[in-house]
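K.L.:
Using the sequences provided together with the hints, build the complete structure.
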Amino acid sequence: MKLRDALLGLLVAVLALTTPPRALHAQANTAETLTEASRLYDDLQVERAVVLLRRVLSPSSPFEVSREQRVQAYMYLGASLAILGQRDSAVTYFRAALERDPFADLDPARFTARERAAFADARQRTLAVGSRPLPMRRFDPRSEQIPIVFVSTQPAAVRVEVRSLVDTTGTVLFERESEGVREVAWNGTIAGTPVPEGRYALIVRARNAAGETDSSSLAFTVAHDHEALEDTLPEFRDGELLPERWPASAANRDLGRGLALAGIALVIPSLGSKDLGQGGHRYARLAALGAVGGGVFAFVDRRRHPVNAGAIAINNARRVQRAAHNAEVSRRNAARLAAMRVVIVPEVAGP
Amino acid sequence: MRRLGALGALLAVALPAAAGAQSLGSRFADRFQPAASAIVALADHRVDAGLGFERTAGALFGVQGEVIPLEGTLLSIRALGGSLDTHNHAADPRDIGEVSATARWRLVPWLDARAGFTTRTFSSSLARQRWTSAAIGADLRMTMLEGRVEGTTGAQLLPLVRVSGHESPDVAFGASMALRYVARRYLVGLGYQLERYDFPTVAGERRLEEHSMLTLRAGYRFGRSTRASVD
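Protein chains in written order, with our numbering: chain U, 215 to 565; chain L, 12 to 242.
Simulated from the structure, these hints should not be mistaken for lab results.
Per the computed footprint, the stretches of chain L lying under chain U, defined by three or more beta-carbons under 8 Å from a beta-carbon of chain U, are:
hint, segment
1, 55 to 66
2, 151 to 161
3, 223 to 230
No residue lacks a Cβ here, since even glycine has one placed at the ideal position from N, Cα and C.
P.N.:
Spelled out as structure tokens, the structure:
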């Protein structure tokens, strides 16, 4: 019993390891079909190739078809139909290919003049623009550039720009009449400063003489590669600084101290010998009067000038110290940012 | 004439301290922040030597010089001189001259320790008496208006008192209070102090003396820094 269970488990494991995922198998099947269609096309078995290609493009096809595979199928189907003399249908399939991939083209060494003429006709009827996926790249925005390759299938006013996906930040890289494949360079800056981190899109827009328009968008992420930045210290909050006004009790306290001193002045003569107390101690009373005057002066002055100049000076000194600290942090951060590199990370497009 | 001579002698001792502080130059002034003050004092001297109560009083004049050698310390020298007139006919008028030196240390912001040395001379038409004493004490400090007004009160023991012609007192202590107002470099002070001396009984008679003084002081502090000082 145990042996049977073990063999059964082993069989399940082997099956699980040897069975490819469904999507991978489906794509592999589409690729095989396209390879077979291409071989048939090369062997001039064009009708049989058309059958296979229609099967790939059929909505009822059980197999997954990638964008590239679909474009390839349209191109071969258009070329096959051009050979079979079905020019309008050929142009229709070529246009379908161009709409999905404006960079699509026929190799003159492999395709006949008739096929290329039909393709040229399709291109003249289809305004499509697009851009090559950006490579993952780390570069210095002050001295290096990255190539941006875009295409327009027709003569059109083309505008190529990099624009943030979260705000209106952006820069125009190209804006004039263009046709075909063109390359421009971007140094990774917007308005003269390195492009901020975030998600961006490379947008290509075109308008032809007939007023038709097309656009494409390619998302990518910008990251900054630099030494870790330091945080500046925040502004002082209320509780972190000394009170800049004296509390109301301060005046009373000063008055109390003056009265206490006066009391002490009056008490001091009692420390003398009683035998020498004749005539009183007038000077002690004068001293007490002076102490009372001092206390009253302090009381009045404190009430009239409740601002704590000492605390203000200390607070200002602390603010100056903090500002100097933050300035130093900013200086170090600026030095680190000066050595910063921009990293372009393309986003993976869907099928 | 003798009074003027005594006063002149005292000033001759005290004035160089104040004048010297001014002439040491700005570097010395910045380092030690010397202060010079003029003092007017009202002194009250009471004696009962077994022959009845004697009391003399009068105005004294003098100068005080001080320096701050270290933060929280103060060295001062004071010279006073003047005449004490009798309030009754049981005593003779007398001249008094006094020179004292005091050192203070700030133990905590509200408490100072002090030690001092005083020599005091009474001169009358009949006799001349010289007092020499050493004192130790402590002063409580209380500041008002961010230190612009400062009050102190303290007590002192005089463990070493020598009086010419008498045995040393067996009880000698003092008490004082002072109030000081500082406006930038200028300072005004008011003080009151009392010293009590109980001498041993000799031939059935016990000599008691008491010296009290109300002082009014006006001064000027030199140097760039305005470190707070003890008064």
